[in-house]
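Could you fit the two chains together into a complex? Lean on the hints.
For the record, the sequence lines run as chains A and B.
Each residue of the first sequence is one higher than the one before, counting from 1 in my numbering.
Each residue of the second sequence is one higher than the one before, counting from 1001 in my numbering.
Treat each hint with caution, since some may be false.
[Unchecked claim] Now the in silico label distances, taken between C-beta atoms and shown as ranges:
1. A:Leu28 <-> B:Val1087: 51 to 57 Å
2. A:Ala127 <-> B:Arg1068: 28 to 34 Å
3. A:Ala51 <-> B:Ser1027: 55 to 61 Å
[Claimed, not checked] Derived BS3-like pairs (lysine-lysine); straight-line CA-CA distance at most 30 Å:
4. B:Lys1036 <-> B:Lys1108
5. B:Lys1002 <-> A:Lys83
6. B:Lys1108 <-> A:Lys149
7. A:Lys171 <-> B:Lys1108
Please keep in mind that the hints were generated in silico from the structure rather than gathered at the bench.
Note that the structure is a prediction, hence the values are computed from the model and not measured.
By construction, the Cβ of each residue, glycine as well, lies at the ideal position given by its N, Cα and C atoms.
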Amino acid sequence: MIASQFEYLKQYLKSQSGLVLSNEKQYLVESRLLPVARRHGLAGLSELVQAMQRPGAMQIASDVVEAMTTNESFFFRDTTPFKHFRETMLPAMLKARADRRTIRIWCAAASTGQEPYSLAICLKEEAQKVGGFRVEILGTDLSGEVLDKARNGIYSQFEVQRGLPIQMLLKYFTQKGDLWQINPDIRAMVQWRKLNLLESFSTLGTFDILFCRNVLIYFDQPTKVDVLQRMAKQMPSDGYLVLGAAETVVGLTDAFRPVPDHRGLYQTATAGQGAIGQSPFRARIAG
Amino acid sequence: MKHCLVVDDSSVIRKVARRILEDLEFSISEAEDGLKALEACRQQMPDAILLDWNMPEMDGLEFLLSLRREEGGDQPIVVFCTTENDVAHITRAMRAGANEYIMKPFDKDIVEAKFQEAGLI
Ligand SMILES: C[S@@+](CC[C@H](N)C(=O)[O-])C[C@H]1O[C@@H](n2cnc3c(N)ncnc32)[C@H](O)[C@@H]1O
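So that you can see chain B by itself, here it is in the shape it has in the complex (with noise of 0.2 Å):
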């Protein structure tokens, strides 16, 4: 079973992509901003990182830079869903590193569709 790092500042939003990613067989654990989330890195690299751009303490694109930098980092696959949906955003996370990228709205078929884009599933 792949484990999934959910990111994201809202429970609500961590919990709709907890019932999603485990339907589709993912142990899922969760942090609420990116610093939280460099550290269960730290503590054990996940198969998969689901982002968001915006949370208090460190945002999604620093610690997306953090990461890549961290011994190992390079592993997790990132797909980055955020509310931000410009073009520019888009080419600033896919340069820092960032796999695939959901813009919010999201639901299971586009979570699935972009976990297959980015070879999870």
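Excised from the complex, chain A in its bound form (with noise of 0.2 Å):
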């Protein structure tokens, strides 16, 4: 691949997903799409940036979109924003919602399933408190091929083994020979959609909690505030951001602050200085 077709695809891969592609990342490049220009018969990368550029090559070039991303994910990730989510955002929204009886959840780069099906469990888990209240967890990603994996949850022992506490494997999956499916209960509770963060998103209505992580770590800065602030506009004033380990709002958009004392949580900055601090939840769990 010459110097000239690494910049299309540079500018082609920003464009389309938002992806930052440093030029020490070509290694990444050779190893992600030299298994895509095989897919299409075509002898290698030079050859496949030719492809994409050809007019009607939508399919080779959406496949390149999607084998560029990194899909990583596992159960419970980084644990605490899992034992944020039941001891602060659940406790909290189940008394902000007393009236309307619902709570909607977004994924919003939910990849192979893990984070939205590590809450569906805590949502099982905390059961009797969020009994009759309606829960709406939307899972969405850029990727079609995660999302596919997704709506299976079928899941190698690898990857059941990397944060997911074996009382909950029990529990809550069904051996499937060397493999691992949730079961049929805990996949009903979750929704999917294929959807980029760089188009609209205004149409999903709003959302009590936003997880949102580790997927902005891929974008530029006036991507990420953009992102930011077309989410804060699907929140409600007392709305929850999650983000992943790596990532904040700060120094990037007024619109989110952090939580006190939580680290990677946020709160639409709208919300009353009182939404947290009267929640006996917080004294609670502090004590």
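As structure tokens, then:
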């Protein structure tokens, strides 16, 4: 692949998925895209980039975009966000939505499904408190391939051993040979939709809790700002946003502010001070 | 530094486990079957035990059942680590008092995740 082709690829990926590819990442491009080239019967990367540029090459181009996404995920990744979910976000929302009895959750880069399913498991574990509420979980991702896997909810032995306590494996999964499938009642709690965060998501409605983890890291500053500000518009004044361990809103937008003593947790900036301060749940956690 | 007893009849597995756990800052001792492991525990209870299932002399499950009846034997956190990967085996192990369960093959990420799950790191 010649320099101008790499340049084309960089710009194309940036415009299609927001992915910022630095020049040192050429090795990554090769390892990710050679299989795509082969799948389309093309000899190498040069041929692939050429083929992408021909009119009507939609399939190849979208395969390239998908292949360049990093889809790694695990159940209960980083632990704390799920603790915050059970101990802070959920109690606050059960109280704040006592009239409407509906809570909407969005996992905005759900990948192969571990994150939304971890939330669904949390909800099962809290079933007593959540009883009588309708809780919707929407998982979206740019990549159709990961969503297929998410929908099936089938994971390798390796995948179910990273982050998932064995008791939860026994309780919520069924063994299928060497693989494990998450049970139908958990699967039924999550809805899936293909969605590119660079495009409009205003039709999705509003979400009380938004997990957007380990996707903004791939974007440049203006893209991060744009996505975060559009997300804020889909949230009520007391909504919660959860970012990945290496991500923050600080220095990007005033639409969210960090929840004190809760790393990675943010609340829509319009939330009244009291929404956090008055919460009896926080006191209980602290105590 | 926490102490972990690695119980497996394969010296290769013991070596791999030792290397991983030493990286996670455990001090390690080894035993090649349940009987030797029980002796080691009677000398000194470890903080953690990484336990194979199928071994000569005394297998992992028998060892675990005996351990939990020993004085102080409820203390060590026991993580099974075995090729027995079906629900029936896992359930039996957990009922016998195991704290976590690793299905072989394992790697550093899995051991680390499971030891975290079990509250050891
Ligand atoms: C590393 S995974 C994160 C999975 C999960 N949130 C977690 O933290 O474990 C990143 C995901 O973001 C998706 N992604 C990348 N760019 C995207 C975009 N522009 N719109 C929607 N999803 C995108 C990728 O397909 C990938 O599945």
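Broken hints, numbered, in rising order?
1
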